[in-house]
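J.: The chain contents come next:
There are 2 protein chains.
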Amino acid sequence: MFTSSDNNKALFLGIDGGGSKCKAIVMNEKNEVLGTGIAGPGNPLHGFEQATTSIVASAKLALTDAGLTNVSLNELVAGVGLAGVNLPVQFEKMQAWQHPFKQMFLAHDLLIACLGAHHNNNGAVIISGTGSCGFSCIDEQEVLIGGHGFPQGDKGSGAWFGLQATKQVLLSLDGIVAPSSMNDILLKQLDCTNTTSIVEAIAGKKATFYAQLANLVFDAAEQGDLVALDIVTEGAEYINNLARTLLIKQPARISMLGGLTPRLKSWLNEDIQAQLSEPLSPPEVGSVLYARSQLAKQKTKQKTKQEQSA
Amino acid sequence: MFTSSDNNKALFLGIDGGGSKCKAIVMNEKNEVLGTGIAGPGNPLHGFEQATTSIVASAKLALTDAGLTNVSLNELVAGVGLAGVNLPVQFEKMQAWQHPFKQMFLAHDLLIACLGAHHNNNGAVIISGTGSCGFSCIDEQEVLIGGHGFPQGDKGSGAWFGLQATKQVLLSLDGIVAPSSMNDILLKQLDCTNTTSIVEAIAGKKATFYAQLANLVFDAAEQGDLVALDIVTEGAEYINNLARTLLIKQPARISMLGGLTPRLKSWLNEDIQAQLSEPLSPPEVGSVLYARSQLAKQKTKQKTKQEQSA
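Protein chains in written order, with the numbering used here: chain L, 49 to 358; chain S, 49 to 358.
Careful: at least some of the hints might be erroneous.
[Claimed, not checked] Sample of chain L residues facing chain S (criterion: CB under 8 Å; computed from the structure):
(1) L121
(2) V125
(3) P199
(4) D222
(5) A226
(6) V247
(7) A249
(8) N289
Honestly, the hints are just simulated from the structure, not real lab data.
Where a beta carbon is used, it is the ideal one built from N, C-alpha and C, also for glycine.
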């Protein structure tokens with residue numbers, strides 16, 4: 049059994065903190081998963097206190113899950129991947145955190161997703177969940193495409209598909225465009241009887257609400273509904289273009305991630321589908337890999353310094 | 049001069065209460081405007097207290113403007129047109145108001161806009177300002193098209209044009225679509241230098257923010273920018289369809305209202321433009337006409353009752 053007294057073997061913590069939850073993983077030096085934990089929101093944009101509390105809570109749960117109740121947080125080398133820290137002000141705030149770990153290496157969520165997917169510092173990811181974006185990291189050169197937020201960006205995401213469907217249903221109920229099989233399905237799903245009640249039901253709703261409507265668009269498109277087919281074609285074409293733009297830089301691998309992947313992937317162009325590789329590991333494993341690579345760099349630097357001063 | 053002792057001549061108050069301001073007008077029996085006043089928001093959706101305070105304040109300002117400082121509010125027959133009271137719950141709340149007027153006749157903002165534009169209970173209006181919608185009232189049969197709110201509806205409105213431009217600029221800066229002359233203009237207008245700073249500047253922004261960007265789309269389209277031309281063509285085509293749908297019911301007149309009218313009208317199909325009539329009066333005059341018609345109906349009913357009981 050792995051214990052805190054086993055000094056030759058380091059323990060690593062991997063964190064994937066997003067807007068709805070924070071996932072933690074404890075791994076050993078052989079990259080074996082020893083335990084996992086999940087806590088509340090981990091995106092510091094939604095509050096520094098909430099994020100740091102969630103990180104610590106999920107880490108403790110992961111240690112308990114691993115049976116490592118005798119190990120304390122200050123024995124863990126932590127890779128912490130968080131949504132929101134692509135913004136410099138959030139990065140600095142989190143970096144200044146008086147964290148409880150032995151060491152902390154901070155990265156944004158896209159980088160750890162990419163490292164997790166490819167186990168390698170040369171790859172690209174297309175993400176379509178509630179939002180959408182493309183990201184590549186090749187020899188530490190990062191490229192971000194999209195991810196502009198809802199409703200101004202995030203084309204081809206769950207929220208975008210749901211919003212497009214809602215727009216078309218409203219236009220159709222107004223008699224401006226032809227009817228779609230989605231009209232009745234949306235009315236039923238929102239427990240509404242007419243246009244006015246839909247308008248009341250959706251007023252002020254956010255991306256997560258619309259993302260829950262994405263499946264009905266794909267269902268209708270697969271049944272041959274022309275309005276739904278137009279929406280799915282337009283969304284898929286955006287993701288094709290996102291992939292093509294990422295592929296210009298020739299990443300070693302490219303993967304598609306996010307909750308909409310199972311529905312959307314088969315609608316992409318065949319040449320794009322053919323180039324997609326299955327992700328090797330989830331983002332929280334990417335966080336551990338990031339911590340390990342940063343640790344190795346630190347050691348190389350220290351060694352070079354010692355040799356120079358010798 | 050018109051005074052409160054002149055009992056044969058009634059005084060009318062017309063109110064047009066919207067989300068940003070409340071306009072009041074005082075008119076005599078000859079439909080002559082005696083004075084006007086403007087106060088704060090009058091849409092009860094943003095608060096009952098605020099709306100009633102604004103109505104009273106604007107009415108007092110209109111009396112002062114008319115030099116009728118000796119006339120009190122309880123001598124005025126008020127037509128009160130308000131945004132938001134198309135929703136039954138808001139209508140009932142306002143209808144239950146212990147108002148200070150001699151009588152109050154309540155109507156929603158689209159009806160008074162239509163009555164003001166046509167001086168007649170048979171007409172239609174297309175509205176494009178921050179939002180958009182179509183409305184007709186023919187022999188008391190009302191039809192509402194659009195007006196579903198932002199971002200799910202309000203196509204062809206100022207907010208819609210601004211959002212479409214922002215989307216295209218972001219896609220273009222990402223290299224997904226071709227560059228547009230709007231890219232530099234939007235960056236300058238938002239005081240931004242790159243995609244990241246635009247994304248930060250627009251995060252969570254509402255319809256009024258995007259409506260302020262509408263002019264740059266029309267400017268660019270008039271200079272021949274292809275991306276802007278596509279947006280303007282799509283928005284105008286929606287307004288064409290809105291007009292065509294309203295014209296099916298054969299209203300006696302149709303007008304276009306709202307802040308975007310001067311920019312948008314010339315982009316509509318010529319057959320639609322040819323059918324548009326200039327609005328005769330603003331909505332607050334429509335409120336007075338509504339009050340007068342309701343008053344006349346009341347008197348006819350009372351007369352019939354008296355004759356029946358005689």
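J.: If a hint holds in the structure, say so; if it doesn't, say that too.
T.: Now for the hints, and whether the structure bears them out:
1. Nearest Cβ of chain S to the Cβ of L121/L: about 33 Å, over the 8 Å cut. The hint is violated.
2. For V125/L, the interface hint is violated, since its Cβ never comes within 8 Å of a Cβ in chain S; the closest pair sits about 30 Å apart.
3. Interface restraint check: P199/L against chain S, minimum CB-CB distance 4 Å, threshold 8 Å, status holds.
4. At about 5 Å, the closest approach between the beta carbon of D222/L and any beta carbon in chain S falls short of 8 Å, and the interface hint on this residue holds.
5. A distance limit of 8 Å between C-beta atoms decides the matter here; for A226/L the minimum to chain S is near 12 Å, and the interface restraint is violated.
6. A hinted interface residue such as V247/L counts as satisfied when its beta carbon comes closer than 8 Å to some beta carbon of chain S; here the least separation is about 5 Å, so the hint holds.
7. At its closest, the beta carbon of A249/L sits 10 Å from a beta carbon of chain S; the interface hint therefore is violated under the 8 Å criterion.
8. A hinted interface residue such as N289/L counts as satisfied when its beta carbon comes closer than 8 Å to some beta carbon of chain S; here the least separation is about 5 Å, so the hint holds.
Figure legend: structure checked against the earlier numbered hints; hints not met, in rising order: 1, 2, 5 and 7.
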